[in-house]
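J.: Residue-level listing of the chains:
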Amino acid sequence: MSFFSDSCLVFLSEFIFFIGGWIFFMKELFKNYEVQYKTVIFSFSITFSLSCIMFELIIFEILGFLDPSSRLFHWKLGLYSILFLLVFYLPFQISYLIVRNFEFIRSKRVALIVSCVLWLAILILFWKIGDPFPILSPKHGILSIEQCVSRVGVIGVTVMAFLSGFGAVNCPYTYMSYFVKIALNERNSMYNTAEQSGFWSRFKTAIKSSSQNSEVKREIIGLEEMARQLFLELVDLNRTLDRISFSKTLQGKYFNFVGHFFSIYCIWKIFISSINIIFDRVGKVDPVTRSIEIVVGYLGLKFDVQFWSQNISFLVVGIIVVTSIRGFLITLTKFFYAISSSHSSNIIVLCLAQIMGMYFVSSVLLMRMNVPAQYRVIITQVLGDLQFNFYHRWFDVIFLVSALSSIGFLYLAHQQKQIAEKHNNLFTMLDLYQDHKKSNGKNSKQHEAAILYPAFVRAHLEFASAVWNS
Amino acid sequence: MDSNFEKAKVVVVGDSGVGKTSLIHLIAHQEILKNPSWTIGCTVDVKLHEYKDGTSHHKTCFLEFFDIGGNIGHRSSAKIFHQGADGIILVHDLTNRKSQDNLNQWIADIMEQNEKLSIGISDYQYETKLSPGKKSSTKKANSYIDYHDNSNLLPLFFIGTKLDQAQMVRNSSFLKAQSQIASFYRSDEINLDCMQTKYLAPATSNSIKLAKFFDRVLENKFSK
Numbered sequence: 001m002s003f004f005s006d007s008c009l010v011f012l013s014e015f016i017f018f019i020g021g022w023i024f025f026m027k028e029l030f031k032n033y034e035v036q037y038k039t040v041i042f043s044f045s046i047t048f049s050l051s052c053i054m055f056e057l058i059i060f061e062i063l064g065f066l067d068p069s070s071r072l073f074h075w076k077l078g079l080y081s082i083l084f085l086l087v088f089y090l091p092f093q094i095s096y097l098i099v100r101n102f103e104f105i106r107s108k109r110v111a112l113i114v115s116c117v118l119w120l121a122i123l124i125l126f127w128k129i130g131d132p133f134p135i136l137s138p139k140h141g142i143l144s145i146e147q148c149v150s151r152v153g154v155i156g157v158t159v160m161a162f163l164s165g166f167g168a169v170n171c172p173y174t175y176m177s178y179f180v181k182i183a184l185n186e187r188n189s190m191y192n193t194a195e196q197s198g199f200w201s202r203f204k205t206a207i208k209s210s211s212q213n214s215e216v217k218r219e220i221i222g223l224e225e226m227a228r229q230l231f232l233e234l235v236d237l238n239r240t241l242d243r244i245s246f247s248k249t250l251q252g253k254y255f256n257f258v259g260h261f262f263s264i265y266c267i268w269k270i271f272i273s274s275i276n277i278i279f280d281r282v283g284k285v286d287p288v289t290r291s292i293e294i295v296v297g298y299l300g301l302k303f304d305v306q307f308w309s310q311n312i313s314f315l316v317v318g319i320i321v322v323t324s325i326r327g328f329l330i331t332l333t334k335f336f337y338a339i340s341s342s343h344s345s346n347i348i349v350l351c352l353a354q355i356m357g358m359y360f361v362s363s364v365l366l367m368r369m370n371v372p373a374q375y376r377v378i379i380t381q382v383l384g385d386l387q388f389n390f391y392h393r394w395f396d397v398i399f400l401v402s403a404l405s406s407i408g409f410l411y412l413a414h415q416q417k418q419i420a421e422k423h424n425n426l427f428t429m430l431d432l433y434q435d436h437k438k439s440n441g442k443n444s445k446q447h448e449a450a451i452l453y454p455a456f457v458r459a460h461l462e463f464a465s466a467v468w469n470s
Numbered sequence: 001m002d003s004n005f006e007k008a009k010v011v012v013v014g015d016s017g018v019g020k021t022s023l024i025h026l027i028a029h030q031e032i033l034k035n036p037s038w039t040i041g042c043t044v045d046v047k048l049h050e051y052k053d054g055t056s057h058h059k060t061c062f063l064e065f066f067d068i069g070g071n072i073g074h075r076s077s078a079k080i081f082h083q084g085a086d087g088i089i090l091v092h093d094l095t096n097r098k099s100q101d102n103l104n105q106w107i108a109d110i111m112e113q114n115e116k117l118s119i120g121i122s123d124y125q126y127e128t129k130l131s132p133g134k135k136s137s138t139k140k141a142n143s144y145i146d147y148h149d150n151s152n153l154l155p156l157f158f159i160g161t162k163l164d165q166a167q168m169v170r171n172s173s174f175l176k177a178q179s180q181i182a183s184f185y186r187s188d189e190i191n192l193d194c195m196q197t198k199y200l201a202p203a204t205s206n207s208i209k210l211a212k213f214f215d216r217v218l219e220n221k222f223s224k
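Chains A and B, in that order, give the protein sequences. Take the first sequence: its position 220, counted from the start at 1, is 220 in the UniProt record's numbering, and no numbers get skipped. Take the second sequence: its position 34, counted from the start at 1, is 34 in the UniProt record's numbering, and no numbers get skipped.
Please note that a few of the clues may not be correct.
Beta-carbon label-pair distances, calculated as ranges [unchecked claim]:
| hint | chain 1 | residue 1 | chain 2 | residue 2 | range |
| --- | --- | --- | --- | --- | --- |
| 1 | A | LEU241 | B | LYS176 | 40 to 48 Å |
| 2 | A | PHE409 | B | LYS34 | 34 to 42 Å |
| 3 | B | GLY73 | A | SER405 | 21 to 29 Å |
| 4 | B | LYS176 | A | SER7 | 50 to 58 Å |
| 5 | B | LYS176 | A | GLY318 | 53 to 61 Å |
| 6 | B | LYS34 | A | ASN213 | 17 to 25 Å |
| 7 | A | ASP242 | B | ASN206 | 37 to 45 Å |
| 8 | B | LYS176 | A | LEU125 | 44 to 52 Å |
Pairs of lysine-lysine residues, derived as DSS-like cross-links and limited to a Cα-Cα distance of at most 25 Å, are as follows [unchecked claim]:
| hint | chain 1 | residue 1 | chain 2 | residue 2 |
| --- | --- | --- | --- | --- |
| 9 | B | LYS79 | A | LYS31 |
| 10 | B | LYS198 | B | LYS52 |
| 11 | A | LYS31 | B | LYS9 |
| 12 | A | LYS334 | B | LYS221 |
| 13 | B | LYS47 | B | LYS59 |
| 14 | B | LYS9 | A | LYS217 |
| 15 | B | LYS34 | B | LYS52 |
| 16 | A | LYS27 | B | LYS59 |
| 17 | A | LYS217 | B | LYS7 |
| 18 | B | LYS98 | A | LYS217 |
| 19 | B | LYS79 | B | LYS7 |
| 20 | B | LYS79 | A | LYS334 |
For the record, the hints were derived by calculation from the structure and aren't laboratory data. Don't be surprised by glycine CBs; every beta carbon is placed ideally from N, CA and C.
With the hints as constraints, model all of the structure from the sequences given.
T.: Okay, here's the thing in structure tokens:
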């Protein structure tokens, strides 16, 4: 195959990924916002397509598809372009949009100058990040490509390990119906006990005390705050209800089943990372070759090692690539919905594009570990001679830290919920509300607060009984 | 709870961040809300409205504005506030066209909770959530329309906010024309900026339209 036809193929697939990124942006990320700056979509889609191209080139490498020299060329081209985007273009766009958001800077020229200053500051920060890490051998010059790649790699690996650690703890927690049943039992036992704590006696005295305006105002503020807490509890109950009914469907049962295996895998991963760190182990052989060795050595099966090694690594790498892209995009969407508002949506989406680029570049870096030796050559050749072992060790450290802190965080959140629920006993509140209604006269502000409570209390009771009965 | 005044419940809905809380504060208290914060759940504001001022049927009535937080995650739980609505104010952001499109979904949610009522003539299709775990399906708005019986009509009113910001970005002809959604539902609408009291000053066309809407809400309520 000639260089020209290879390039056509690569550019065609780049274009397809570009369109895919554009559609994802419009349909999922920016579902509720209008696009004001077309350059934002453009940057996001370009980053996405370049990242996907790098994964595609690895797969082509394993399959032996396309000419080796054209592959190398496109690798280098893709890598340089994505580095240019991540280090120079995206930070500039982000700083420009941040500056435009400031209200006191009206003229475009001033905005441009200030954003240039901000951009230089970001670049200096980026440079400084690389200093404390032993990521380069001294033979590299100051302006080599390895400087950029190493720093991008550090940031990307940190993000990856952090997300993996959190995911490794969160996934089993979410999907196991086991956990849902525990939560249900706790809730049931909560509603059956009728406790009166200090908070409630204070509440009673506050109602009976006075009818002066300021006292009433304070009471209103307190009641409104309680209304908000109640509503958030209602949202929580609704979600639990949804989760329970989802786990009864076929898809839910499938996820439940897979969740068991996945949680075992997560626990194994946490265990292995700690072993790696404690014993300062560096893996030399990738899992594919190791498993083939085991199969051939212990089971004595004779088969074409070359052929199987190629196919299995293709399968493994393909699965890793697809699941990491999909998982990352889903996390991105959830995160975006949680924190965006109409002012900041553009800036946040660009920051997310930056993180996405760095994440995918470091996936390529870390993937070197998972492929047999003959395929590692191209990654080493393109990315330069980096200290790959450092990255694996760094990944393990951050993964472990993230997993342990997520376990701690989830446990604390669980405890907090239990304590809070003991105080919010529904039946005591219902009695108090009825006493309040009888003892007070007409006042428009009190009228206001009294409207809220029937809706809340009734709905809360409805959902509590639904949870009981399901 | 008996009171000397009649009351009607007006539900105020719209996407998160369009300015419902500032708007309701402006309508109910005639002053600008200095530090609006995110609405969680629902906040209630009350306004005394002179129903049919200057006629023999003049009454002073309470209008309860239920300002419902537009947070996407809370949307299904917020349905408890939609019950018993006597009128709907739909708020959209003039700088963000998607907030207008999403109003159809809000209308569908409200009508789901108020099934005995109809909202006037419309051909628009929207999606409604049937049961948890199942994907949404489309349902024609025609099922809520009753061409002959006007007694169960739920009045709608559309308000576009952030007019000052929109004027910088869009051309003025777009802002002066009636928005697509208001013409779909054949309802009145006004465009304003919640940070300036001049838009709802007494005797402006905006405040007259709003007063006519409130009169319609109360009229429907009394005729039931």
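J.: None of the hints should be skipped; say for each whether it holds.
T.: Status of the hints after comparison with the structure:
Judged by the Cβ atoms, the range 40 to 48 Å given for A/LEU241 and B/LYS176 holds: they are separated by roughly 47 Å. Here the CB-CB span from A/PHE409 to B/LYS34 is close to 35 Å, well matched to the stated 34 to 42 Å. Between B/GLY73 and A/SER405 the Cβ separation comes to about 24 Å, which falls inside the hinted range of 21 to 29 Å. Separation of B/LYS176 from A/SER7 is about 53 Å and conforms to the stated range, judged on CB atoms against 50 to 58 Å.
Between B/LYS176 and A/GLY318 the C-beta distance comes to about 56 Å, which sits within the given range of 53 to 61 Å. The hinted window of 17 to 25 Å between B/LYS34 and A/ASN213 holds, with their beta carbons roughly 21 Å apart. Separation of A/ASP242 from B/ASN206 is about 41 Å and conforms to the stated range, judged on CB atoms against 37 to 45 Å. About 48 Å separates the C-beta atoms of B/LYS176 and A/LEU125, a value consistent with the hinted range of 44 to 52 Å.
Of the supplied pair hints, the one linking B/LYS79 and A/LYS31 holds, its CA atoms being roughly 22 Å apart against a limit of 25 Å. Taken as a hint, the B/LYS198 and B/LYS52 pair is honoured in the structure, with Cα atoms around 24 Å apart against an allowance of 25 Å. With a C-alpha separation of about 31 Å, the suggested pair A/LYS31 and B/LYS9 falls outside the 25 Å cut-off, and the hint is violated. Taking the CA atoms of A/LYS334 and B/LYS221, the gap is near 42 Å; set against the 25 Å cutoff, the hint is violated.
Taking the CA atoms of B/LYS47 and B/LYS59, the gap is about 13 Å. The hint holds against a cut of 25 Å. Between B/LYS9 and A/LYS217, the direct Cα distance comes to roughly 22 Å. Compliance with the 25 Å bound is thereby established for this hinted pair. A hinted pair counts as satisfied when its Cα atoms are at most 25 Å apart, and B/LYS34 with B/LYS52 does not qualify at roughly 32 Å. At roughly 50 Å between alpha-carbon atoms, A/LYS27 and B/LYS59 are farther apart than 25 Å, so this suggested pair is violated.
Proposed proximity of A/LYS217 and B/LYS7 is supported: the alpha carbons are some 22 Å apart, at most 25 Å. Taken as a hint, the B/LYS98 and A/LYS217 pair is broken in the structure, with Cα atoms around 38 Å apart against an allowance of 25 Å. Of the pairs offered as hints, the one joining B/LYS79 and B/LYS7 holds, with about 21 Å between alpha carbons and a cut-off of 25 Å not exceeded. For the given pair, B/LYS79 sits about 22 Å from A/LYS334 by alpha-carbon distance, which is consistent with the 25 Å threshold.
The structure is inconsistent with the numbered hints 11, 12, 15, 16, 18, although it conforms to all the rest.
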